[in-house]
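Assembly of the complex is requested from the two constituent chains, each provided in isolation within its own frame, with the hints serving as guidance.
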Amino acid sequence: MTPLRPLSLALAFLAAVLAARGATGEFFERLESALTVSSADAFFRARASGTLDLEAYRLPSPAPALLDTTRDTFINPRLSLYLDSHLGPRAYFFAQARLDRGFDAGDGSAHLRLDEYALRLAPWRGTRASFQLGKFATLVGSWVNRHGSWENPFITAPLPYEHLTGMWDNEPPRSVNQLLLWSHVRPGLFPALTAEEKLFRLPLIWGPAYGTGAAASAAFGRFIVAAEVKNSALSSRPDSWGPGADGHRYPTLSSRLAWSPNAMWHVGLSASTGQYLLPVARPLIPAGVGLGDYRQRLLAADVGFAWHHWQLWAEFFRTRFALPRLGDATTDAAYVEAKYRFTPHFSAALRLNRQTFGTLADGPRGLVRWGGDVWRYDVAPAWRLSPHLQLKLQASWQHEASVQPEHTRTLSSQFTLRF
Amino acid sequence: MPRRAVSLFFAALILPALALAQATLEGRVTLPKAITAPVVNQRYEIVSKAGVVATNPPLAVVFLAGDFPKSATVPVTRLVQKDLAFVPALLPIRTGTKVEFPNLDEQFHNIFSYSPAKRFDLGRYRPDEKPVPSQTFDVAGLVTLRCDIHEHMRGAILVLDTPHFVMTDAAGNFRLTGLPPGRYTLKAWLDSKTTRERVVELRDGATLRVDFPVSP
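First to last, the protein sequences are chains A and B. Heads up, the first sequence is in the numbering used here, so the first residue is 1 and it goes up one at a time. Heads up, the second sequence is in the numbering used here, so the first residue is 1 and it goes up one at a time.
Partial list, derived from the structure: chain B residues whose beta carbon lies under 8 Å from chain A:
#: 1; residue: F112
#: 2; residue: Y114
#: 3; residue: P127
If you're looking for bench data, these hints aren't it; they were derived computationally from the structure. Just so it is clear, CB atoms sit at the ideal spot from N, CA and C, and this is done for glycine as well.
Just chain B, with the same shape it has in the complex (with noise of 0.2 Å):
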């Protein structure tokens, strides 16, 4: 007994040594220009809900790609669908993460997606439907997002092999805690076509800052 008690003695100095010694990293990615408002088609809709549609700002995903462990539980989030649109726009998760979509709205949605990653065409579905239409995604990749009623709604999940992610906010600006040390490299996303990368070096409890500028 009093060997436990001097192994936990021990571990509760030890572990938050640990903690600290976890690294950091930080900066700033270079965002391109604010994309335009859609145009909501309402031709032979005579009684619609008006509204101006707003712009949704570019954001980036930085994320630190290498081998990590796969999660033991499957992760769960959420993208809604809210006043004709999909929020968030742009949702980071990790292989093997289950997406609930709810329907916020007062009218059907039918989210589908034909991209490579994932193919899926959850239907047409009600605001209160019970179980909420989800979709495991579990190959890395884009996948887009449709609605097949309202032509004008995008919405993507960017699916990484990584726990290590983060969204920047609308000036590009990005904060990952909690990354164990080595050697490895740092993405950021910020669109299909567009991935910048820097091989970054963490070390023990410090914080290394990154910026992506525009690339030459």
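Next comes chain A alone, as it looks inside the complex (with noise of 0.2 Å):
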């Protein structure tokens, strides 16, 4: 598809919105119908549906988290369609396609991207169990959920899902200084490398994960339990998510066991393990071991709560990456996140997120920490226009004790329009 300026997408979306203010409800009834095809006996279903976002940023220097801008002021603009279709009670497809500026939002041009597609079979009647297979978002954890921008409270993801280590995917450290450098806990590297290096970087969990394979699960009662085998780990980039992706020669196996009370309470606890470095790192790792024998493992716990107005999600993650000659690398990071909602229109939201890194043998030095540890607070405000229309606004602290133990503040506002 020819590329799209963003300015353009950005005023087409203003048209979109000014044209939402002065629609009815029926236009969006209207629409709803005009997107929905059914057979007469309701066995065949299908739905388009989507969002159109445009965010905006103020930024610190370097960019946080997975934005990939040089600019202080940043404009997103983003078309999401989904598709949702049912063939009888077994049968369910869905499709994700986005045309914005990357995965990971970036000073690029607009491009149209398929990023999830996934076929539901549940083939027993009677049963609660199914088999999905195609490219979908990952079952650990309980943020994907919630990731759309029409359900997030916020408008950037949690910090495990986005802050980046020192980990790369390309090539291993060959020292424990050398991570220490690229976890900017020692200094070293260039400015301009600084930036250039970030394309590298990893972080423990990348977004919503939608990577390719095969997922089964089963509900028991009030025990839910799924596995999944997909083609990269849960840090790898959405480069290698895709079923042609020069990626990873080892699948990644995730699994996931939750438990409901009531309808108030969920549990979960999660697990994964699979080949984070890309067969470009081959030769830099010693002779006599395969690329698979280096994993990213991690453990996942989960609790989520609602109540009337309240919502209430937490997360703990566990993570251990093998590196060549080096051992085991570890990173805790946990975020709680709360939403009230004070009228039919307003409601808020705050989240503390805190990452903690483990400790590397280096030599004399003694153990060290090989990343800076982080706190971030997240304040969002959010006002539902209409069934149809959603601003948030974000304004985000981060503390990191880098080189130079760094306070930064991003500012930034989302206005959703959902068909």
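Here is the structure:
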């Protein structure tokens, strides 16, 4: 598709918002009917829907998390299109395509991209078991359920899903000192390189991790058990998610056990293990071992609570990256998120994020932390202007114990039109 | 005492006659075509309770518009959430009615309305929530209901300034009984943009037939 200028997308967005403001609920009802097809007996149903987002950021330098821009003010329009279709009670297909400036927004032109597509089958009548095949979000953790712009109380993802560590996927560090350079714990990188090497760094989990593979799940009373086999580790970059990507030779295995004692509470435990180094790193690992011997192993626990106008979520992650010659690098991350709806139109959310790093033996210097511990606080008020329009603001304050302890502030806004 | 007994005797004779004197309206509303079934978004519920969502047949509300005395009591009715749908999908009520919203599913619902006639957000509530979440509807108009959790769920409450209303059946037939004699406007509400009306003259004890064919 021909790249589109961000400005033209932004203008299209504004025109759509203005039209939506003037449109009545009946307009969207008619649009929904036009985008829905159904057989007479409702056995086959399909619906196209979407969101149109316009985000604006006021950024520190360098841009935080996965944003790929050198600007201090950044505009990011995004069109997300969804397809949900049912064939009877036992077959469901969904897909998500986006037109934007990259999965993680950057300074480039806009392109259309197919992010998700999966077929889910529930073959046995009377049971709650299903199989899913395709490219889809990970079942690890609980944030995936609300990662869409309409459902997410915030504009950005929680810290564990976007904070970049010093771990690279195209090259393992040759020494602890090199890892500390990449983690910005020790000085030494040229300033220009500091911006460039952002492209190589990995977070703990890369967003919703739309890898390709298969999943199986079943419910037993109030318990749900699920497992997936995918082509890329949780920390892998979007380029590795597709079925044809030159990615990982060894599959990533993930599983989840969830328990919901009642409608108010949800508790989950997840685990995952997968190769995180790309094939290009093979010449840099010791002879006699394979890339599959260097894995990212992750354990996660999550809890969710909802009652009346309150919603709370918390997740905890422990991750271990196996490094050639250096041993295992561990990092812990957690966040607690709360949302309260004050009126039918106004809500606000608060999130506390934390990530800490384990130690590695650095010769005579003894044990050293391989990353700078991070605190981040996010506050986000939101206005639902109508069932189809939403405005969110977010302020984030982050403290990172890096080369020079950094306090940064990020302001952002997001206008969403849902149809 | 004998005078009171005589009065009661005459009252017993007259009251049934008065009841018989009330008018009846019946007829048929030509309904629009059936709407398409909703599509349930289950993208991130890898284990979901599968099922085919039934198509709600279009129905109309027929009501007698006029100046009627207010009800002395607060009527209470229910609109439930069952199998991820509002039941009934369209509920006509009189102004001042309290509507309870019991959740008969095993999961949360979060019913809200942004309609000018009534803005509210019940928050997330359990199936066994006590007291049952409720709202009182004091302003006439259409209240569109949605669920913040289940995007496909749609419902409506039509708040009317009259005690004389009825829902049609799926074929569009209706029957309104116990109506006071007089000259009124009979309305058939089909959707938020379509209300058909006819002026009717109701006579004691008579049954009047009024049809609402498709508008020219």
